[in-house]
Amino acid sequence: MTFTGLIGAICMLPLRAIIYFCVKLRIHPNVLTLIGVLINLAAAWALALQRFVLAGVVMIVANIFDFIDGKVARELQMESAFGGFWDSVMDRFSDISLFLGLIYLYSALGRTDYVMVTALAMMFTVLTSYTRARAESLVSKCKVGFMERPERIVLFMIGAFTNRMAAVLWVILVLSIFTVADRIYFTWRELGTTKSELAA
Amino acid sequence: MSASLLTLPARIVWNAVYWTFDRATWQYDLMVAAILAFVWLTPPAWLGDPTAGGLGLIGWLLSQFR
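Which chain is which? The protein sequence lines are A and B, in order.
First residue of the first sequence: 1, per the working numbering; consecutive thereafter.
First residue of the second sequence: 1, per the working numbering; consecutive thereafter.
Chain B on its own, in the form it takes in the complex (with noise of 0.2 Å):
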C-alpha cells in the first residue's frame, strides 16, 4: 500500500499503526502522549479493573455534570 495514495487522515492512522518513527522524535510523543491519556484519564470502571480506585478525571468530570 502506497501511503501517498492515502488521504490525510487515512495516512495518520496507518502511520500509527505501522510505526516506523524512532524514539525522541515528535510523533513518538504524541503517541507517548495519547497512551498517558487513555491510562490515566479512562474511567478504570470502564474497564473493569480489578486493582484501581477512584475514578479517573474524565469520570471525574462526567459525575461533575450528573
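Only chain A is shown next, with the shape it has when bound in the complex (with noise of 0.2 Å):
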C-alpha cells in the first residue's frame, strides 16, 4: 500500500460510522451535500477574516459531509441523476466561496498581487471542472490531470492548517493550469483517434 492510499484507508474508519448513521436517519444525501455547502460557506468567512485554523477545522466538518453523501445516497439506494448534477453545482459553489474568502482577506490586506493570484487559481479550477464536464460529452472518459477536488481541498486544508496559505495558491494556479491544457490535449488526441477511427 502507498503513502497516501495508507492514509486514506485510517481516514475512511470514522467515516464509515458516520456514513452508518446518517443510513440509520435516513437523512436524504441531497440534504447532506446542502448542509456541507453551508458548513463551506463558514469556512469562507472564517478565511476572509484571516482565521485560518478556524477555517481549516470548518472545511473538515463541511467535507465530510462532501465526502458520505454519495455513499450515503448508494446505501440507500437514493441514487439520481439529479443527485449527481446537485452534488456537482454544489462542489463548484463550495469551491468558489473558499476563493472568494481569500480575495477578500487580501484585498482587505491591500495584497492586489495576491488578489489576482487567488482569482487566477479559482478561473482555472472553474476550468478544470468544466473541461471534464464538456469533454465528457464529447468523449467518454477524461480524468487527466493531477489538480481535482480532492487534492485541491486538501491543499486547503494544509495552507489552513500550517498557515503557508500562498504557497498553497500558487501549487493550486500551477496545477490547476497544467490539468486544463491536459484534458483539452487529451480530448484533442482522442477526437482526432475517433475521427481516424470513423474514416477508416
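Calculated directly from the structure, the hints in this document are not laboratory data.
These figures come from a predicted structure and were not determined experimentally.
Be aware that one or more of the hints could be misleading.
[Said to hold, decoys possible] Pairs of lysine to any residue residues, derived as SDA-like cross-links and limited to a Cα-Cα distance of at most 20 Å, are as follows:
{"id": "1", "chain 1": "A", "residue 1": "K141", "chain 2": "B", "residue 2": "V17"}
{"id": "2", "chain 1": "A", "residue 1": "K24", "chain 2": "A", "residue 2": "F67"}
{"id": "3", "chain 1": "A", "residue 1": "K143", "chain 2": "B", "residue 2": "A52"}
{"id": "4", "chain 1": "A", "residue 1": "K141", "chain 2": "B", "residue 2": "N15"}
{"id": "5", "chain 1": "A", "residue 1": "K143", "chain 2": "B", "residue 2": "M31"}
{"id": "6", "chain 1": "A", "residue 1": "K143", "chain 2": "B", "residue 2": "A16"}
{"id": "7", "chain 1": "A", "residue 1": "K143", "chain 2": "B", "residue 2": "Q64"}
{"id": "8", "chain 1": "A", "residue 1": "K143", "chain 2": "B", "residue 2": "D22"}
{"id": "9", "chain 1": "A", "residue 1": "K143", "chain 2": "B", "residue 2": "T25"}
{"id": "10", "chain 1": "A", "residue 1": "K143", "chain 2": "B", "residue 2": "L47"}
{"id": "11", "chain 1": "A", "residue 1": "K141", "chain 2": "B", "residue 2": "W19"}
Assemble the dimeric complex from its two separately framed chains, guided by the hints.
See below:
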C-alpha cells in the first residue's frame, strides 16, 4: 500500500461510522450535500477574517458531508441523476466560496498581487471541472490531470492549518493550468483518433 | 508526441506535466511529496506571503550559514 493509500484507509474508519448513522437516520443525500455547502460558507468567512485554523477545522467538517453524500445515497438506494447534478453544482459553489474568502482577505490587506493569484487559481479551478464535463459529452472519459477537487481541498486544509496559504495558492494555480491543458490535449487527441477510426 | 522517443529526464517531466496516474500509486505519492516540500520548505518571504510568519525550513537552514 502506498503512503497516500494508507492515509485514505485510516480516514475511512471514522467516515464509515458517520455513514452508518446517516443511513440509520435515513438523511436524504441531497440534504447532506446542502449542509456541506452551508458549512463551507462558514469556512470561506473564516478565511476572509484570516482565522485560518478555524477555517481548516470547518473545512474538515464540511467535506465530511461532501464525501459521505454519495455513499449514503448508494446505501439508501437513493442514487439519482439529479443527485449527481446537484452534487456537482454545489461542489463548484463551495470551491468558489473558499476562493472568494481569500480574495476578500487579500484585498483587505491591500495585496493586489495575491488577489490576482487567487482569482486566476479560481478561474482555472472552474475550467478544470468545465473541461472535463464538456469533454465527457464528446469522449467517454477525460480523467487526466493532477489537480482535481480532493487534491485542492486537502491543499486548502494544509495551507490553513500550517499558515502557508500563498504557497498552496501557487501550487493550485500552476497545477490547475496543467490540468486544463492536459484535458484539452487529451480530448483533442481522442477526437482525432475517433475521426480516423471513422474514416477507416 | 510519443513518450518512447523522449529521453528519460524529458519523459519524467512529460509524465509529471501530462498527468495520467491514478491516486494511491507511487507516482502520486512522489508528486504529493514534491508539493508538500514546496509548501512547507519554501521561505514565505520568497513568495511574498501576506499572512505566513517564520522562515520556513529552507530559510532557517540558510540563516544558520549566514
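Structure versus earlier hints - violations, ascending order
3, 7 and 10
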